[in-house]
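Enquirer: Sequence:
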Amino acid sequence: MTFIMTGQPERAAWQRFVAGHPDGNIFHTPAFDDVAAGTEGWASRPLAAVDRASGELMALWPAVHTTVLGGLLRPLTTRAVLFGGMLVAPEPAGQDALDALLAVVNRRAWGRSLFTELRHQADVMAWQARLEAAHFRWEPHLNFLIDLRQSEEALWNGLSSSARRNVRTAQKKGVSALTVSDQAGVETFYGLLRKVYGHAGVYLTDLSLFRRAFEVLGPLGQFQIVLAMADGVAIGGRASLLYKGRLLDWYAGADREAARLYPNDFLVWHLLQWGHAQGFSVFDFGGAGHPDKPYGVRDFKERFGGQLVNYGRSVKIHAPWYGLAVKAYEIYRKWIIQV
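Residue numbers (my numbering): 6 to 344.
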């Protein structure tokens with residue numbers, strides 16, 4: 006079998022490949038690629054290995070180049086991220102397609118990004134040897150998956166006693182859920198995120214990501230934002246990606262001044278209830294950090310039960326100035342983001 010390498014795979018074939026693959030996720034879809042292409046500071050760089058005879062995709066590398074700073078600092082702040090990892094056909098031909106794809110990826114990566122990071126959403130141990138041969142280093146990264154096919158009672162009992170108490174408190178104090186229906190609501194949600202990320206000193210992607218997701222994925226039923234409301238004011242919000250029975254908790258933020266109303270606990274429980282009622286099969290908590298590093302977000306997510314998985318990430322550093330870039334980013338966090 007011979008392959009054609011293309012950065013513009015035929016859209017219908019692309020969609021078929023992702024929809025028909027058991028590990029295909031929303032980050033692999035051409036629709037999400039459209040979102041990435043319309044996001045400020047992002048550049049869509051997909052690559053596919055296509056069977057020359059059939060025209061069908063055999064391997065997909067849906068990379069997105071994300072840049073924190075432009076101008077002279079662009080080379081120091083650009084990385085290639087595969088938010089849903091790669092996608093490879095399970096048959097033996099997929100192995101050859103991946104080898105061919107990796108050869109092209111490695112040639113193109115030099116000088117374009119500091120590093121490439123694959124954020125795996127499924128077990129990729131079958132491909133690990135090939136990734137290692139291409140100098141990608143696997144590192145652990147946790148996540149929690151909650152089975153939404155169980156009864157609502159079982160879901161509720163899966164919460165820790167403190168999480169159940171917090172949800173009840175929020176309900177008693179009149180906190181309610183509101184699904185965003187316009188761009189004004191998207192901006193309200195982004196305002197919450199800016200406060201959270203600014204306080205943590207972490208870079209936040211541009212508003213255009215959420216605007217574009219609302220425009221492109223919203224009509225497909227693949228994106229939603231739910232706000233926690235108290236006395237007519239948004240005190241928290243969570244953005245979700247919805248695809249193939251999976252409800253993925255993508256971005257979340259809450260007003261620190263409303264902490265005693267427990268908007269985060271309230272919204273997670275609301276989404277579990279909603280996902281169960283809508284027939285989703287799994288609630289994906291969107292990541293829980295490195296197992297050897299303290300992470301308060303993981304402690305929060307653990308209180309909602311679910312299965313702890315470790316699909317990990319695969320990383321390859323391309324630039325010899327990577328260490329300098331890390332130091333530059335720390336300065337950026339200290340003197341710009343937190344100001």
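Just to be clear, a hint being listed does not mean it is correct.
Simulated pairs of lysine-lysine, DSS-like, Cα-Cα distance not exceeding 27 Å [to be verified]: (1) K178 <-> K200; (2) K321 <-> K298; (3) K298 <-> K200.
In case anyone wonders, no lab produced these hints; they're calculated from the structure.
Enquirer: Could you run down the list of hints and mark each one as holding or not?
Expert: Tested hints:
{"no.": "1", "hint": "K178 <-> K200", "result": "holds, 23 Å"}
{"no.": "2", "hint": "K321 <-> K298", "result": "holds, 21 Å"}
{"no.": "3", "hint": "K298 <-> K200", "result": "holds, 24 Å"}
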